[in-house]
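Asks: Listed below are the residues making up each chain.
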Amino acid sequence: MIHSLFLVNSSGDIFLEKHWKSVVSRSVCDYFFEAQERASEPENVPPVIPTPHHYLISVLRHRIYFVAVIQSEVPPLFVIEFLHRVVDTFQDYFGVCTEAAIKDNVVVVYELLEEMLDNGFPLATESNILKELIKPPTILRTVVNTITGSTNVGEQLPTGQLSVVPWRRTGVKYTNNEAYFDVVEEIDAIIDKSGSTITAEIQGVIDACVKLSGMPDLTLSFMNPRLLDDVSFHPCVRFKRWEAERILSFIPPDGNFRLLSYHVSSQNLVAIPVYVKHNITFREGSSQGRFELTLGPKQTMGKAVESVLVSSQLPRGVLNVNLNPSQGTYTFDPVTKLLSWDVGKINPQKLPSLKGSMSLQAGASKPDENPTINIQFKIQQMAISGLKVNRLDMYGEKYKPFKGIKYMTKAGKFQVRT
Amino acid sequence: MSSSSAFNDEKGGSSSVGEPEYGHDPASGGIFSSDYKRHDDLKEMLDSNKDSLKLEAMKRIVAMIARGKNASDLFPAVVKNVACKNIEVSPPRPSRYRDISQTDPNQLIRASALRVLSSIRVTIIVPIMMLAIKEAASDMSPYVRKTAAHAIPKLYSLDPDQKDQLIEVIEKLLADKTTLVAGSVVMAFEEVCPERIDLIHKNYRKLCNLLIDVEEWGQVVIINMLTRYARTQFLNPNANESLLEEGGEKTFYGSDEEEGKEDKVEAAALVVKRKPYVMDPDHRLLLRNTKPLLQSRNAAVVMAVAQLYFHLAPKAEVGVIAKALVRLMRSHSEVQYVVLQNVATMTIKRRGMFEPYLKSFYIRSTDPTQIKVLKLEVLTNLANETNISTILREFQTYIKSMDKDFVAATIQAIGRCATNIGEVRDTCLNGLVQLLSNRDELVVAESVVVIKKLLQMQPEKHSDIIKHMAKLTDNIQVPMARASILWLIGEYCEHVPKIAPDVLRKMAKSFTNEEDIVKLQILNLAAKLYLTNSKQTKLLTQYVLNLAKYDQNYDIRDRARFIRQLIVPTDKSGALSKYAKKLFLALKPAPVLESPFKDRDHFQLGSLSHLLNAKAGGYQELPDWPESAPDPSVRNVEVPEWTKCSSREKRKEKKVEKPFYSDSEGESGPTESADSGNQSGCVCLSQPVNSSPDSDTGSGSGSGSDSGSEDSGSESGSEESEGESDSEKDEKDKRKSGKKKAKKTAPESEERIYVSFCVALLLKCSFPSPQAASPTCGPLKTYELLHRITGEGLAVTYCFSRRPFTGDPHMVSVQIQFTNNTEVEARSLRVLEPKLQSGMRIAEFPEIDVLPPGEISTVVMGIDFCDSTQAANFQLCTHTKKFFVTIQPPVGELMMPIFMTENEFKKEQGQLMGMNEITEKLTLGEGCRGDHVIIQRVISTANLSRVPCGSAMECRFAGKTVTSGSLVLVTVVTKEERAAQVTVNCEKMLIGTMLVKDILQALSQ
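Chain order of the listed sequences is A and B. Everything in the first sequence is counted per full-length UniProt numbering, starting at 1 for the first residue and increasing by one. Everything in the second sequence is counted per full-length UniProt numbering, starting at 1 for the first residue and increasing by one.
Extracted from the complex, chain B is given alone in its bound form (with noise of 0.2 Å):
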């Protein structure tokens, strides 16, 4: 294939006769440069029959291309070589290509020859093309279906009268079910039809489901497309909150609080008017789905879902995508340049999200300047009052840095931290006026321009500081901060009555050496003078208006003649000269100095047209929410009733079909727990069960999966919605292709069998260790972990479930229940500060987030006891309150049952006598009769299994101990009389002596 590859170079050289020839470069060395200008040579090296010969003449013409140059001549030569030896590398005749691309038994061969196929961009082969994409769009390989996606936009390319017919492939293709696919389609869509958000509707939920599977390159364009889209559909769930910062945030939550507050009626009513906003569970799915891309290691992809999130998220729930855009921002510095961009944008609109990351924006003297920019801005726009202090002394020393253009950066950025925020504009101003007296120039102008701006804010107060400034005219020769303190004396020549004049003065005296900029504002200062003060002015002005009358630019000419008109009273003059005072010296607003990247969240975040703040070719608006939200139900799918299956056996079976990784990646939650303990059952339970979103979006249905959502898997309640069951149709179709695939072509029955393995592999690591027994169940036994009283309502207990802790099998799993009896609902429970014995572990059960008022949960930790009865001591947090709480394990519990002939059993007992024997008589109890009394007894007291036995007197026990797996073997043998026998062997003695007592006691009672 790469071989043709090569070919299309060739031709992409071929294509650019047109170019001039560059001229022939002899410094540079090797093939770059040897021989390249005799064609004649590599055609002879083309034409001779020594294979190495051949090949390096092609990679000269492949350096020659690589350099731009135009080797168009030498095609002939190269396609006369392209021998047919296969069909991988057979020359481009188009209609042979399609019918490899529909024929050939394999898939990969198919799928590279519609990719040649497509890349001839050749009019003419139009048909043949469409044919092709056509014909590979229902291929059975998902890989020809991708290679068939990125087969359209070329085509589209080609001849975009072909966008109905492509449309349609579009369609066809985006209702796949694979993640292969996903991401090429999408990506067609939006080169093609990115304005037919129609036909995303039908496949929302499928890919919001698919998106953590698709190749990140292929993620970042559906998380952009999605945005779009889901600016179109939902409501806006910020809409509120303007109205709620107004009116109270209590208003809102009761509104028969309101009758009292004449005051807050108003807005009240205005809320109460809107429908409470409930957010729809589609709206939710996305949030959901792309939030763990955070995490993803490709920039791109956590940009994307970063402005997704600032673009569709409640306000609180922003927050989360600051830690990964701040995370971002070590990578390489062009990484970091677009990302502060994009912060920079954020930090205007929501400041209190970067505001914990303030000390990651400090700027490092090592920092290129471009990027210290963009810092200083973030910094600026993170400025308030109680952070101001600690920015501005980082500005100081930012101050004294060596990078000049950098220091006139802050000060711009400590003059509008003035202007924000008034508290600190005193303290600036000194900084500022400090910094006038610097040595360098550049830092002394830009402190004018700043200070200029300041002062026009409130100018009485200041005089003292506009004289200081106007000594500096003395020695500043940058024509901007001359320029600016002119204009600062004459626009305040009021307040420095006796200087401003003085000044006038000496500049009369440099005008023909001043900048232009500088002389018109001398004649501006001459001006107004002359309006103020005319007794002291009048023939200085007059003498710097004839300067100006013969000075050689138009513009001071025209300016002079204009104010000699409008302020020297002549019999001629209008009469605008009345109004002269009025005009030149009339109150002007004090300019707002605002950051560039206001109002850039206009565009998309992380598109190219924000970056540029100018639309780039082919940019797609981001649509405003809508006022009410389309139907929801357009989203629907029709799923079968057949599909809707929910008894586990089912659905483990579909776990065991699914092909993907993470697919089973995300849902080894559920399969695991299936097997190995009943929890996420019991988390099913506890959750409000579902209604289907087509019900009422208005109502219930949203919260409903709001809640879900903080749910840890995506097993929660929303598992029997249309979303899910709609997913579950996919795997059915899924499995079903899957056996049509086998049937046909051989290789892919390979494929299939490969897939299975990997799955197989998978599964076999989240279930539960191969030579473990299956845990015989009795009633479980149940401790209390935190009694109601103590706990304030919360009560929790705990009991051995018996089965293996998934992850470590050294792990007693410990199932741990918690009731919450009070009126108010618990968050965040949580174990902390575990207290253990050296060498004990603890695996934490994954934090509740809430557990509402009258609820049970129920999760699963390991310990890891060290096959010791050394209790393991933690704290039991909720968002309040902390409880200290202690786990002692039974003797029996620290083991596991195993699996064990007579024979076995008879061997291993044999190495494990003398001290590791211990054995014991007793008196069996009152009702303990029979065999299978006796076998539940043990049982219940210790996590064994049966032995098969021969003798009916003797009932034999095996399993190891969790930690260290050493062999626990117990016989129990009956003798008459109710008299009986116990023997325990344990290479741990301590292990063997206590369960002997504890068995001793179960069978005595």
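So that you can see chain A by itself, here it is in the shape it has in the complex (with noise of 0.2 Å):
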């Protein structure tokens, strides 16, 4: 299926380069390159081009493209899901995943890479099995190879693949058993002119940090089940069970992992948290233009919005801003029209606001399009969407382990129109 791989930086030079099959010459990436001149913007190159002889399925994740050559039909999608799960092991393995990173860790990048496709097709992608063929590099470890001669290789046999829970390592010990669970909801919204939501959604997860002895058997229920009609799970999660009762019931995974992600699409669920107040004009014939942006809470339950960032893409005509924030700091970058303002927390009695002007190009007739406002920002303990944890057990070993559970709002694509 896939048949090599190769991995571009945004210098546009392949940095590394791994083959299943047979070796496929690096020249095919010239499409790549000739697809990547004609996108104006990086994410505009097409996830999938044809060349004469082969496909080429590209992701683009922290500024590297992940280029994989293909031969003959798969489902692209496949192709994709992989590439992004190969992102997601590296960043899983060296904390992030840079092209410095990467060239740091070839041998790991390289035994990885070997782990984890079979002669093209996928073998072993769960972090878990992964990291019991091949550990993680740490700072000890690494001192200790280079003194001992020895490598990343775990002596141990892959023996979770054996596993009926393949994502579980056997035989892990902690002293202190804890899990967490993180409830992370995102807003998408578009807010239109007037301040009325044109489309709402909820984009929720739970991400879940397990360190837990043995065997644990969890269950976990909700106040309100209702809510999740919309899920997609971590294999682990029974899910006959959840259909019956609602309730989760899964032997977790060692570490971090996402249990759960859902989707509330229904918008009359869908508070919104802050308000905008803009009046932004261009007159016609002066080189002036008027901006005015206030930002408000509304719909946060009493909780404080914090680590607001309001930004917007300012037409071309603009040449400068001039304005005056009521908090925080803002940037202007006259190249790429790109205004900033950190507000930092929303005091709700004396609202954050961002006045002053802008200036036009001389001559310049008045920009007819609008700019958009996008903002984020956090509410620190509350699911906007209401969703509630009702209990955590656990079944299956002895000790009493120690739970924690945190809620969080977050700003995900949410604009408002002006």
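In short, the hints are calculated from the structure, not lab data. Incorrect hints may appear among the rest.
Quick partial rundown of chain B residues pointing at chain A, CB under 8 Å, derived from the structure [said to hold, decoys possible]:
#1 291
#2 332
#3 868
#4 871
The calculated DSSO-like cross-link candidates involving lysine-lysine, where the alpha carbons are at most 27 Å apart (straight line), are [as the list claims (entries may be wrong)]:
#5 A:21 x B:69
#6 A:21 x B:615
#7 B:400 x A:103
#8 B:43 x A:193
#9 B:615 x A:337
#10 B:359 x A:18
#11 A:378 x B:69
#12 A:406 x A:388
#13 B:323 x A:410
#14 A:378 x A:406
#15 A:413 x B:323
#16 B:404 x A:18
#17 B:400 x A:366
#18 A:337 x B:400
Glycine included, C-beta positions come from ideal geometry on N, C-alpha and C.
Since each chain comes alone in its own frame, lean on the hints to assemble the complex.
Replies: Have a look at this one:
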């Protein structure tokens, strides 16, 4: 299926290649570079590029293109999903997935790729199995390896692959047994000029960090499971049980993993926690424009709106801006025309505002497009959909684990049209 | 193993001898550049006796290979270093690997050896590989068999002549019953012999049943293969659709009504002639077993299921995939790109299914352009009379975007909406005309082109727009737009008789400076005007033709010569010139603006070929539905009589054996219910018992399993059917092979122990908590929840089953029985809006989809009453009605029995004295003589268990409250002359008091 993999950095150099079948000349990437040149933005490179003898399927993550070479029919999502899994694994192993990190760990990278794909077909993609086979590099281990000349290759055999629960390592032991769950929700919304919601959705995930000894069997129940009508699970979740009782029952993988993600799309359920008042006008004939922006909280259930960041792509005609923020700092890049305002926390008593003027190119006509305003924010200790975990029980092991649940709401793709 | 894999890379490098050596890049740092040109250094390092130096050298070599450098000359030095310390890193001696792969006691080492052996791409070892694969295919470890399946495509690509032998191996492995092997062998099947669909028959049902447990990558491959399989084996579920739409739905359902309606008779007759469609149970099985996978975290799996439903499901059921696909749109932009392409194709065929999600396709300014354009495509496809105004309003904001390519795409989308939906054509046209005054020339040009197409549909109405556009020729510079305007004026010159000649005059002036396409249109305009209005334009036309005659472009010279001959009558001119007017001013059909995604669905959705709209190498065509279904009995698997056991004990025993995590998940329903409640037994009884599919697929069996599929668990009526008993047989086999394994090698018995340990764990959680004693069963009191009359035919009763509620030990399980006394089926019975006292909780029963008339259905729900006798109020809903109902528990049901010894009882009782002890005296009732009557009455009043007791005069009972777990101890002491004394010790005084009252009442009757 997957024939070869090329890693291309942002300046267009191939800095790593790996072939699973025969060697495909790197000149095949020329077609990719061509497409890259045609695309105005890096993310506009088509993910699938046909060439006379091969097909190139690529993903862009961390400003690195992962270009897979395919020779015959294969579902494109299969390859894309796998490439993303590779990136996730690298990130898991090296903390970051940058060109430097990959080059520093080239041997581990090779070992990982060799284990993840066999003759082009995915073999071991579960991070728990991989970690058993190839130990992630740590500073201590690097030192030890340099002195003793040993490698990161695990001494053990990959027993995980034989397990009935392939995602969990066997023989896990911790002195502090703990299980943490983070309920993180992101609001995607488009708000129109007048402040009414055009579309709003909540994308939620429950990320877990489970460090429990042995083979614990967990059940997690919710106060309001009806909210979750559109979910996707980690393979460890027993689907039938969820269908019947709306309870999540699972043997967790060891370490960090995403237990489930869900989607709340019905609009009346989505509370919009901030509002924006704006007045961005350009006058015909004058080289000045007015810019006024005020932010305020709404429907936050008394929780503070934090780490607010407002950004807006101003029209090309804008030369510079002269603004006055009531709090925080703002920057304007005259080349990319990107205005961003780091607001910080919204104080409901004194609403943050950004007011001032924009100077336009002299003689240029009034721009007819209006900028959209993108907003980022965080609200701690609240899940905006109202999802609440009822209880977490553990079966199968005797010790008492430490359990913790955290809620957070963030802005996803939150846009205000003006 | 990994060091040997590094070695393979090394070999990969060495096989690329012919590759040009890339220039050294001095800029790159670290191990990527240092010293690699001096291979001698590396050789020295490899030859040294310091391990760290060797390691460093090896790292550099790997880095070289990573950059595509040729490291072949280092090959000998590396090989020398691969000392044969242990078998896992030994050098490639194929026969040695074969030996290992066959004889090593550890299955992982056998598998690794085979993997290494099959990765050596040298033709000379083909026979050895073949032998090793054959051996491994009958290995007792599923992991080794999986590796064998992986090795098949490798060998096939090395030597395609081995195909026949390999197919034999594939056939053998396809019959394998483990999930580990299934994905890999189907992959091998697809690579080696995708045309041998006959190999699938016998394994079809097994693959469907195993699917949910196969690893995610295997799932994708299996689902795609099964889609093709189903297309060859089953009938089109939507075959009658088109006929039905014409003839009206009634004709299908009630053919006796058709006499009166003569116009429908014909259509109805057509429908009747076709056998009424009944879905093959195997077809249904596939749809049912893939549906849960829509919830997978892997986008490829979700897409695979979506395409399966799109290609195979009846129209009414396809809708379920929309939600899952919309969810994928939140993923990475590459995933979004592929999903949107597929959604675009789906929306053309089945618009309705995505309409509820219209707003999810709204475009954000931060989307990449390619995503924006695709979303636009979907929005355009979704547009219809009802939502067009919303969509157009949305489009209006897009036109103001800064991304001009996107604006152009939006204008085209508006054009398409206008052609498809007649009502808004004028609105769109007006909007587009307004855009003509836009400052951006690209926008104007695109509008002109779209307007031209729209005007062609009804030119006579819009002469003012044509006039307006004529004026634009002064300003617009984009050639395509200019050409469009000129064509319009020429084509409709009769509508603008005054302006057209003037435009030609202006154009004649600027002719030499125009682009080629504009010049061609000027010639066109001149010719048309000459034919309609030769008086005014004769000279102008000749001038233009002369200019064209000396143009640099031969196309234009050619066109000029052609037009001159045709329109200017000379004595030499041929017969054609008579028809010049007809030729130039013929009525031209309006262009059809259609989606580029039209007809793309002849490619299997989700495939590479679909995405590219071109056949990719190795693409397997999606076959058309057969006219009549091939013999369904080919999928039957012979089942020995003895496996058809249905006794609960045996089944249970098997469940314990079953080693797969999610298998036991799948089966946990029946296991639980078998032990902890009889609800599923009742469900089973109420299901129509299925006839086996091989009896006659044309009739009853299909519909039987249809309704079975609505059922929550896989343990429905179809359990008795062939497919299921087949998997039972599988389990047996598994068990047998498991035993064999346990005998053979030590490590595997360890594994078995581990497996059974896991299974035990799994079962433990689904079983009642161990300290709870099994309930002593008497006849249960049934209470009425909803009377037949108030419920309008739906009668509901409940009783306290006294079994621990699975899932939450703090809940009292309430068994609810629905009886449908009406003539129509009740649908979607469920609980709505519970009104509870604070702290109380309800675990709702799973919704009952359909309750046919006269049927009875039983479900279990859990209520946490918080140890109080407060009632739980909620609404019971059917698809039409809502009923307010109340469940009030007698105090005796708020507890569960526990086992205690006499000593424990006395000790606990000692701690619950004073306020916590309530004593009442009573006279026993007439019939209440003897211990066993007392015991029975107490136990039927309260869910307690008896505590052994030395004295004959005393009976003791113990239990604990369900929510808080407080102990409840009851002592009944009988005295002479029917006098007796009841003592209750309980921390919760209220419960104690009420319980004493209840027991008194029960005993004094």
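Asks: Tell me if the interface restraint on residue 868 (chain B) is satisfied: Cβ within less than 8 Å of some Cβ in chain A.
Replies: violated, 19 Å
Asks: If you draw a straight line from the CA of residue 378 (chain A) to the CA of residue 69 (chain B), is it 27 Å or shorter?
Replies: Violated - the C-alpha atoms of residue 69 (chain B) and residue 378 (chain A) are around 48 Å apart, more than 27 Å.
Asks: Just to be careful, I want the Cα atoms of residue 404 (chain B) and residue 18 (chain A) compared with a cutoff of 27 Å; is the pair within it?
Replies: Violated. Residue 404 (chain B) to residue 18 (chain A) sits at ~39 Å, over the 27 Å cutoff.
Asks: For the pair we were handed, residue 413 (chain A) and residue 323 (chain B), check the Cα-Cα distance against 27 Å.
Replies: holds, 19 Å
Asks: A closest beta-carbon separation below 8 Å is what the hint needs, so does residue 332 (chain B) meet it against chain A?
Replies: Holds. Min distance 6 Å.
Asks: Is the straight-line distance between the alpha-carbon of residue 21 (chain A) and that of residue 615 (chain B) 27 Å or less?
Replies: Holds, at roughly 23 Å.
Asks: Quick one, are residue 406 (chain A) and residue 388 (chain A) close enough, alpha carbons at most 27 Å?
Replies: holds, 10 Å
Asks: Holds or violated: residue 400 (chain B) and residue 103 (chain A), Cα atoms, limit 27 Å.
Replies: Roughly 44 Å between the alpha carbons, so the hint for residue 400 (chain B) and residue 103 (chain A) is violated.
Asks: Check whether the Cα positions of residue 323 (chain B) and residue 410 (chain A) lie no farther apart than 27 Å.
Replies: holds, 23 Å
Asks: Measure nothing beyond the straight line between the CA atoms of residue 400 (chain B) and residue 366 (chain A); if it is 27 Å or shorter, mark the hint as holding.
Replies: holds, 13 Å
Asks: Given the hinted pair residue 359 (chain B) and residue 18 (chain A), is their alpha-carbon gap at most 27 Å?
Replies: Measuring from Cα to Cα gives roughly 42 Å; hence the hint is violated.
Asks: What's the verdict on residue 615 (chain B) and residue 337 (chain A), does the C-alpha distance respect the 27 Å limit or exceed it?
Replies: violated, 44 Å
The structure fails hints 1, 3, 4, 7, 8, 9, 10, 11 and 16 (numbered hints given earlier, in ascending order).
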